[in-house]
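Chemist: Let's have the full structure, built from the sequences with the hints guiding it.
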Amino acid sequence: MAVGCWAGAALGVAGGPTAVRWIGTAAVVLVPVLVVATRCRRPRRPGHRVSATVALAVLVLALALLDASAQRGLRTGGLLGTALREGATATVTGRVVDRPVPMDARWSDGEPDRRYTVSVRWVESRGRRSGAAASVVVVAPGDVPPGSIVRVTGRLTRSDVTDSTVATLAARSAAEVVAPPGWPDRAAERVRAATRRIASRLPADAGVLLLGMALGDSSRVPDDLSEAMRTAGLTHLIAVSGSHFALIGAIAAAAAAACRLPVALRAGVVLLTGAALLLLVGPQPSVLRAAVTGVVGLLGLLSGRPARAPAALATTVTALLLTDPWLAFQVGFALSVVATAAIVVLGGAWVRVWSPRLGRPLASAVAAPLAAQLACAPVLLVLRPSVGTYALLANLAAAPAVPPATVLGLLTAVVAPWSPHSALLLAQLAGAACWWVAAVARVAAAAPGARLAWAPGAGGIVAMAGVSAAVGALMLSARRRRCLRRRASRASRPDRRDGG
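Using the working numbering, the letters of the sequence shown map in sequence onto residues 2 to 501.
Hints listed in this document are in silico derivations from the structure and should not be mistaken for laboratory results. Keep in mind that a hint or two might mislead.
[What the hints assert, rightly or not] Label-pair restraints from in silico Cβ distances: (1) VAL178 with ASP105: 19 to 25 Å; (2) VAL178 with THR158: 20 to 26 Å; (3) GLY78 with ARG116: 49 to 55 Å; (4) GLY78 with ALA258: 49 to 55 Å; (5) PRO418 with ARG129: 42 to 48 Å; (6) PRO113 with ALA470: 45 to 51 Å; (7) TRP419 with ASP105: 43 to 49 Å.
Ideal Cβ positions, reconstructed from N, Cα and C, are used throughout, including at glycine.
Modeler: In structure tokens, the structure reads:
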């Protein structure tokens, strides 16, 4: 279902009107044929379930195709679409949905620019004013607080059809803040500012990774450390993705299980942890999507029936793609989905077979990042056709430090606005774990042959997916074989009670 929705969303966004009509018509015709074929088969025959699954996937594909095509027309229509086609100057009013990113000044005598996204509510151009339902990237001097309502004037340049934003607006003057941020944005910014002050008192690598691993703020990570993390396959630890929320939720679930809480209360602990992290990081659209994929997938796993986890994740992905079809082209969303799926499916299986030897809390903490790394490796080839040779070893070495760094980092953020001295103590403990992660990344990146070229294109991605699947299966089957050998050994021993 999710795969069909993903394909339909991508075709609806990128395909032209003619392609959409032909594909949509074919899907609408094919669905009744598959339904009839399904009804004609006996319910218990193997082909019956396959036909039903294919029919549902085609139906969802057609729905996503029509939905994406309609949304594409809505966001490029009206006065905003006219201004885009003419390349005109326009004034937009809307909400700032992310944190402004500093940029170099476009003019020698100008002040540095900021780049941020605005969800447009109103647009004015050539004496006309109209409502709008699209997002634009604003490049303008001056800083603006996230969550505020701003009004800014500049020239519009059309974005690529697959971009989540419809245009880029280049302004010469700073945006006017029409309304300040709401209390959630103000509270989150207060916590982030206090945490940044505490983190600045730690050694360089420890301080910047504390912000990244606790709040997902990688803006202060230096280029050399960022490159080392990428080479070592540890970037997912400082990225706000579905795996980030699932990892933190898994730690919370393991702690709740250690306290012998019932399943319902464990789910409540996971939800509260996810909500707290969402508030700390900031309710940006990308973070909201990551939170939904990560927390829903983990809750499916905690429901007591692990088979429900993939279904819950697939339903969530389908709903998100129907809401925002442009997610089909975002690598960050793909990373969130595949990492979360790996954690709830492969990670869950690893936890079950590793728990007898490692204990459930440690097994959960180790399995989550390893599963995320294996799943993300094929997707990361889209960004860079090469692989980190020591990525798995680096994840194994860094895994014990991830839970204390994350939990103590979050506690630092919670305490920082109220008790800086206590927060500094927590930050120093978290910083030690963060330092270890940075050291692992730098050592792995500096080792001989740390990054190897990989075949580009679809063939390379498929090959890497096969390698990841094989490694995951081997890590699972090795433990199972040892368990089977022990069972066989016990079964072959004579019963002592029979010898009496």
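Chemist: Does each hint fit the structure? Answer for all of them.
Modeler: Status of the hints after comparison with the structure:
1. The given range of 19 to 25 Å is respected by VAL178 and ASP105, whose C-beta atoms sit roughly 23 Å from each other.
2. Taking 20 to 26 Å as the suggested C-beta distance range, the pair VAL178 and THR158 conforms, at roughly 24 Å.
3. For GLY78 and ARG116, the hinted distance range of 49 to 55 Å is not satisfied, since their beta carbons lie about 26 Å from each other.
4. As the Cβ distance of GLY78 to ALA258 is approximately 52 Å, the hint placing it in 49 to 55 Å holds.
5. Checking the proposed 42 to 48 Å range against PRO418 and ARG129 shows it holds: the Cβ atoms sit about 46 Å from each other.
6. Between PRO113 and ALA470, the C-beta spacing of about 46 Å keeps the proposed range 45 to 51 Å intact.
7. Hint check: TRP419 to ASP105, Cβ distance near 38 Å, so the stated range 43 to 49 Å is violated.
Hint compliance for this structure: hints 3 and 7 are broken, all remaining hints hold.
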